[in-house]
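Trainee: One letter stands for each residue in the lines below.
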Amino acid sequence: MLPTGQALDDLPSRPRVLLVDDDEVNLLLTGAALRERGFEVTEAPSGSEALAQLSVRAPDVVVLDALMPELDGFETCSLLRATPGFESLPVLMLTGLDDEASINRAYQAGATDFFVKSPQWSLLDGRLRYLLRSSRTRHELERSKAKLARAQDLARMGSFEWKRDLAGSFTISAEGLRVFGRGPQDRLDFISVMRMVPSDDRHVFLRLLRDVIAHTSVLITDLPLTLPDGRQRVVHVEAEPEFNEQGGVSGYTGILQDVTDRRQAEDRIRQLAHFDALTGLPNRRQLIWRVERAIESARRGGHEVGLLLIDLDRFKVINDTLGHAAGDELLIEVGRRLRSCVRHSDQIMEGVLEGLGNRSHRGLEAVGRLGGDEFVALLPEVADERDAERVADRVLDALREPIFVGGQECFVTASVGIAIYPRDGQTMADLLRNSDVAMYAVKSQGRNASAIYSPQLAGHGKQKLELESALHKALERNEIVLHYQPKIDVRAARMVGAEALMRWQRGNVLVPPADFIPLAEETGLIVPLSEWALKEAARQAKLWSLQFGFSDSIAVNLPSRLFERTDLVEHIHQCVSAYGVPHRSIQLEITENNLMKDLQNVIPSLHRLNEVGVEISIDDFGTGYSSLAYLTTLPISEVKIDRTFVRDLGITPQSSAVVTAIIALARALGLRVIAEGVETLRQMEVLHRLGCSLMQGFLFSKALPPDELERWLALTVLPRKAPWITQADGGPEVTRGGQR
Amino acid sequence: MTASSPAALLDPEAIRRLRELDPSGGNKLLERVVAAFGSSLERLLPDLARAREGETLDLTVVRHVSHTLKSSSASLGAMALSARCGEIETLAREGRSEGLLEQLDAMLQDIQQVRAALAALL
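First to last, the sequence lines map onto chains B and G.
Residues are numbered in our numbering as their position in the first sequence, beginning at 1, plus a constant of 72.
Residues are numbered in our numbering as their position in the second sequence, beginning at 1, plus a constant of 98.
Wrong hints could be hidden among the right ones.
To give an idea of the chain B side of the interface with chain G (calculated C-beta under 8 Å), a few residues [unchecked claim]:
(1) Leu101
(2) Pro141
(3) Lys189
No lab work stands behind these hints, which were simulated from the structure alone.
Just so it is clear, the structure is predicted and the values come from calculations on it, not from any experiment.
Every residue gets a Cβ at the ideal spot worked out from N, C-alpha and C, and that includes glycine.
Produce the complete structure using the sequences and hints provided.
Mentor: Here's what the structure looks like:
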C-alpha cells in the first residue's frame, strides 16, 4: 500500500518507526498518521520506555520528542547513540518552531535531523522517508568504506591527504598508518614519515616533491623506509592535486602501498637476469650491456676502453678431480679475488646512465663471469694499454695465493687476453673475440700471463684453430700412426720391448708429437687418441708375435686423466682380448709429473692394472721434485731415467750421481731401470758400468714404423752388426751399483 | 480572551485532517484522541494546581504543562488554546512570572471551552 505515491522501492515495504512522545494526544495522532502512510509504528510514552523498546526490536527510524519529563529527548538520544548497534540509526528530533536552542542540542545529542511539530503529516512522512533513504545510502557507504578498508588492508594500502593552507593538515588513513607500522590511534605527521626514510633517499624525495608541487603534477614514486621495529620496507606513493573552486591547488590526495614484496621479487628477477647465480658477478647479458654502454661513452668522450678476458688455467682438471662442488667453490673465491682487482660496481643502471654526468661510465667498471671458468674485467676508461696490463698483473697476483677447496690447497693461475677499444675492435663482439685470441696466445705460451691483442696473434690463433679441427678428423682418417722405438738389453744385445710413439701423418707432413699432443690434451682429444693407441699396440703385439715370435711388451704413453677413468682396465682387457695377446703385452708409461699431480686419483687404477698383469713404467723419472718415498707404496715395475741425466753423463759429475742414486733406489725396491735418450757409446758405457743395462735411444734406433722395425731387427740386431753390440759385448760385468 | 462559539474554537482544517486519518471512523480515532486529551488533562491539571500551591510558582511544571498542551491542542485544532499555551511556555522558560497566574487562569477557561467543543464534535 503506497498511499502517498512515494517511490519506496529502495526502502523496506513498511519501515518501522519508534515514536516517542510523552503527550498522549500527539503520540496517538502521529502514530495514526504514520500508520496511514505505510509505516509500522511502535509508540513509547517516555525515553526510558523507548530505550527498552529498542532492545526488543530495532526500528528503522526513531522519532523523538525533545521535551519530555524525566528522560528528555536529548538524553534519550545520547543514551541511544551510546548503545552498540545504534550509532547510525536515524533519529528525528521533534521540536517547537521557536526553539533554536533545542535544535542545536538535538544535533549535539546525536540526532540525525530535527522536525518542527506540525499537524501536516505529509511533511513528517516526507522527512522520514528522506532520512531512511539517506541512512540507507550512508549505510551502504559505510559498508563500501569498510570493504575498501579491508581491501586496502589486504593490499597493504592506505590513503593520505594534505591541505595546502592548513598547518598540520597531513593526515593518513588508518590503513595507511598500518602501512607505516602504526596503530589507528597513532598520529603520524609528515616529518615523522620523512624520519623513517634514509637521508639520501629523503633528499631525492623532497626535491621531487618540491618539483611536483611547483608544477602541480602527479607524484608517483617509491620510498624506502625503516619502520620503528627496524623492518625495511618500500612504500609506493601516488598522489594527485586537488583543486578549489577558483581552480587553485588546495592540496594533494593520494594512496600509499607497501610494495616491499613486489620490489624484492623484482630485484630478485633483475638479479637473476643480470647476475651470475654462482659468483654474484654480472653475467654475460649484464656484461654485454655494460661494455656497449662503455663503448658508447668512449666514442663520445674519445677515450679508450680495456677489456680483459680472464680464463683459468686447467680449471677442468680441478673440476674433474675434485668434483663440481669444489670447482664451484673455487670459482666463487676466484670471483671474489677478481672483484678486488677493479673498482667493481654491482649497480644495475638500466637507462639511467644519461644525466649522471660525463664520469658516469666509471660506474660500469666491473668483473663479470661469461660462463664456465671465463671472466671478463671491463675497464671503461684506460689511458693506454699499460693501464690494462697493470690490472692484468693485479689479476695474476690475486690468484697467486693458493685457494683452499675440497679439503686441499689448489694453485690456480689464469691466462689473460687484453683488447682495447677502439684499436682492437669497435664492438663488444670484436673486443671479446680479440681478447680471446690474445688469451689463447698466453695459453699456448705456457699460461699464467697476460697478452695484449695484436693482428699477428690472430693469424697464429687461426692456424691453431685449423690444426685443432684437422686433429679431430685425423683419427677417423687414419692419419694417426704408431712408431716404435726398441728397448734394448745391452748385456744380451737384444730387444726386450718397444715404446709406442704417436705420429700424425698429415698429408705428406709427419707432425711431431710436440706439435699436437699438447693441443690434444687441451681439447680432450687425448682420450680417444690414447684409447686408439692401446688397441693399436695390442694389434701390433699380436702381429709381431706371429711374424717373429715377439713376446715382450709394447709400452704406451698415457696421460694421467686416462688413469682416472674407471673403465681403463676394462678397455685394456678388451684390446688384448680382441687380438688374443696376454695382458702383459701392454705396458703403460706415465710421466713422473703426471703421476705426482694426480697421485690419489691414479693409484687405484695402478693397483687394478697391476693385478691383471699390465706393468707400469714411470717416465721422465728424476724430473719430479717429489719425495721418492712414495715409490715404495706404488705397484710399479719400471722407472725410466730421464734423458737429461743421460745426456750429461760423462760430462757433469752430478748427472752420474743422480743416475747412480736412481739405480740404487730401483734395485732396493726391486724395480727395473731403463735409460732413455742414449745417443752415444760413451753414455751407454757409463750407464752399463753404473748398473743399468736396459736402454733406449738413437744409438740403437729411432722410433720406426712397425715394418721397418722388423727389418731393423733382421738386418742389425740378429746379425749382431751394430757398433753398440760389439761394444756391449766387450763391456764390464755389471756388479756395482749405487756407488760413486 | 472572550469566549467564542465551539465551532470557532476548533480549526475546521485541523478537524478535517483528523477525520482524514480515519475516514470511515472505524478506528474511532477521534473518540480516542479526545479521550487521550482528557486523560492528559487529568494528569497535567493536578500537576499545575500543585505548582501554584507553593510560595512561588513552580515554573518548570508550568513550562512542561504548557508545552504539552500547546502541541496537543494544536493537533486538535484548538489554536487559541495552543497560542496561549505557547505564550505561557515562553514566559515560564524566560522565568517571567508577572501576569502568569492570570494567563494560567485564562488557559484553564480555554480548556473548559475546548473540552465542550470537542464533546460537541463527537
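Trainee: Taking the hints in turn, state whether each one holds.
Mentor: Here's how the hints hold up against the structure:
Interface restraint check: Leu101(B) against chain G, minimum CB-CB distance 5 Å, threshold 8 Å, status holds. Hint status for Pro141(B): holds, given a least beta-carbon distance of 6 Å to chain G, under 8 Å. Proximity of Lys189(B) to chain G holds as hinted, the smallest CB-CB distance being about 5 Å (cut-off 8 Å).
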